[in-house]
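For chain B, the structure is supplied; the task is to place chain D on it using the hints.
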Amino acid sequence: MLETKRETSITNEVIRLEDVWMYYDSMPALEGINLSLYKDDFLGIIGPNGGGKTTLLRLLLGLAKPSRGRITILGEPPERGRRHMGYLPQRSLFDSDFPASVMEVVLLGRLGHTALFRRYNNVDREAAIEALKRVGMLEHKDQQIGKLSGGQQQRVFVARALASDPKILLLDEPMANVDTPMQAGFYELLESLKRKMTIIMVSHDIGVVSAYVDKIACLNRRLYYHGTKELTKHDLEEAYQCPVELISHAMPHRHLEEHSDR
Amino acid sequence: MIEALMQYEFMRNALWAGLLAALACGIIGTYVVVKRMTFISGGISHASFGGVGIGYYLAHYISWMTPVIGALIFTVASALGIGTIVKRSKLTEDTAIGILWSVGMAIGVIFIGITPGYVISDLFGYLFGNILIVPTSDIIMMAILDAIIIAVVVLLYKEFFALSFDQEFSTAIGIPTGRLYLMLLGLIALTVVLLIRVVGIILIIALLTIPSATARQYTHSMKKMMWLSILIGMASVIGGLRLSYELDIASGATIILFSGILFLASTLFTRFCRRQASVENTKA
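Protein chains in written order, with our numbering: chain B, 1 to 262; chain D, 1 to 284.
Okay, chain B solo, but in the shape it has when bound (with noise of 0.2 Å):
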């Protein structure tokens, strides 16, 4: 029975870490990581600046190799498995006059599915349409991006990160621009993706995360995960664990320097 159960979940494993070390200029930025994520797991990560949060993203998207450990998209190294992952950076840097229609940022989530050289096709243009529906931005396709409200914009940035039809979607403080007003909408469709897809989300807000994730973890160098499905205190306590600097995570402290993670 036991054994079984253990061959399915192997089997559904999406994302594997084993025991990664990440150093810059010999400062760990990551200690020993064991991550196992499975299909449609929504895993929160919390922890406080320069804990190694975008480090890890990195780590996953292939942009940035472990010093140590090894890691596997869907039984791939992260620069094949990538292709898998849709990925919403913290902050979208353009400006508000750059000559762009929703349409065309949505289809640059294509770009990793399409060659170079090649023009977007049908299929190409399906797809990003099908994400716009999805996020209820379809109405906007033509209008100047710039032109958006930062929560609007918000929203065309998930639909270019789903445009590649992702397994995995990679979020990486998904509210740092959406304006309070539009957080509850924002956190709708985060719940409409829910169990259509693996889901890992990275904040420093920690009242936000654990009210919509299934899972939580707590990064800070080490990564405090027991892969719990529902949220007793007992398991906030343990994610509390780690060090101090999470608790005063909302104000300025001395490691940021120190912990820098870039």
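Take the hints with a grain of salt, since some may be wrong.
[Said to hold, decoys possible] Partner residues aside, some chain B positions facing chain D, computed with beta carbon under 8 Å: (1) Ala-100; (2) Ser-101; (3) Glu-104; (4) Leu-116.
Keep in mind the hints are simulated off the structure, nothing from the lab.
Glycine included, C-beta positions come from ideal geometry on N, C-alpha and C.
Frame of chain B; chain D shown alone:
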């Protein structure tokens, strides 16, 4: 002017050179404006003077060498060099550009100075442009450079778009942004070489920015912005050439001044239209 066009080859060549330059400017200038690369473009264009000087000097010893060919090699090399140095070292981009800018100019001044029997008006021709003495061989080279620029941009349009819009995201999804950026710098270098004859090194940055900045006021599509900048650039060349011919003043500077006036008029016009629109709205 039309009579002069029919009569004199140099006028026909001047017009061709101007139109070919406007074509490259409209396309590459659009990237320069939306990706805010004005300063690095200024650096690349001034550095090209080093290549002009080396070419001017070597032309006495190597039969195929000309100042423009010298500029072509030197400018592309320095554009790629500066891109690589900024990426690999801890030098900040604006410092690196400042160094490239001035060292390139210095090399040019020295090489022109040591060239036996150099003519001061040649120096001025390259610094401020002299569209009226463009030989047919340069026109052919300009057409080839235009063809290269258009081919690369057509083939890599969506990648350059991604690079200009959001470099970080593009890198994250696996687009080789580093190499694309170098390629864009290379295309800027080619455009600079195209422009040396037309407006001169010092004024290049004007034609790389003004037509596209004017076009931006009318569209929020990058493709349309390119087409419109090409048209505005061509209008500036034709208008400027005509004015300089009628008034007998420096052609390169007149072209720039003409495009500057177009930009100013367009800015006032679009402002006026917007104000009218908001007045209409408040009435309704």
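Outcome of the hint check:
1. Ala-100: holds, 6 Å
2. Ser-101: Status holds, d = 7 Å.
3. Glu-104: Cβ of Glu-104 (chain B) sits 7 Å from chain D, so the hint holds.
4. Leu-116: holds, 7 Å
Violated hints: none; the structure is consistent with every hint.
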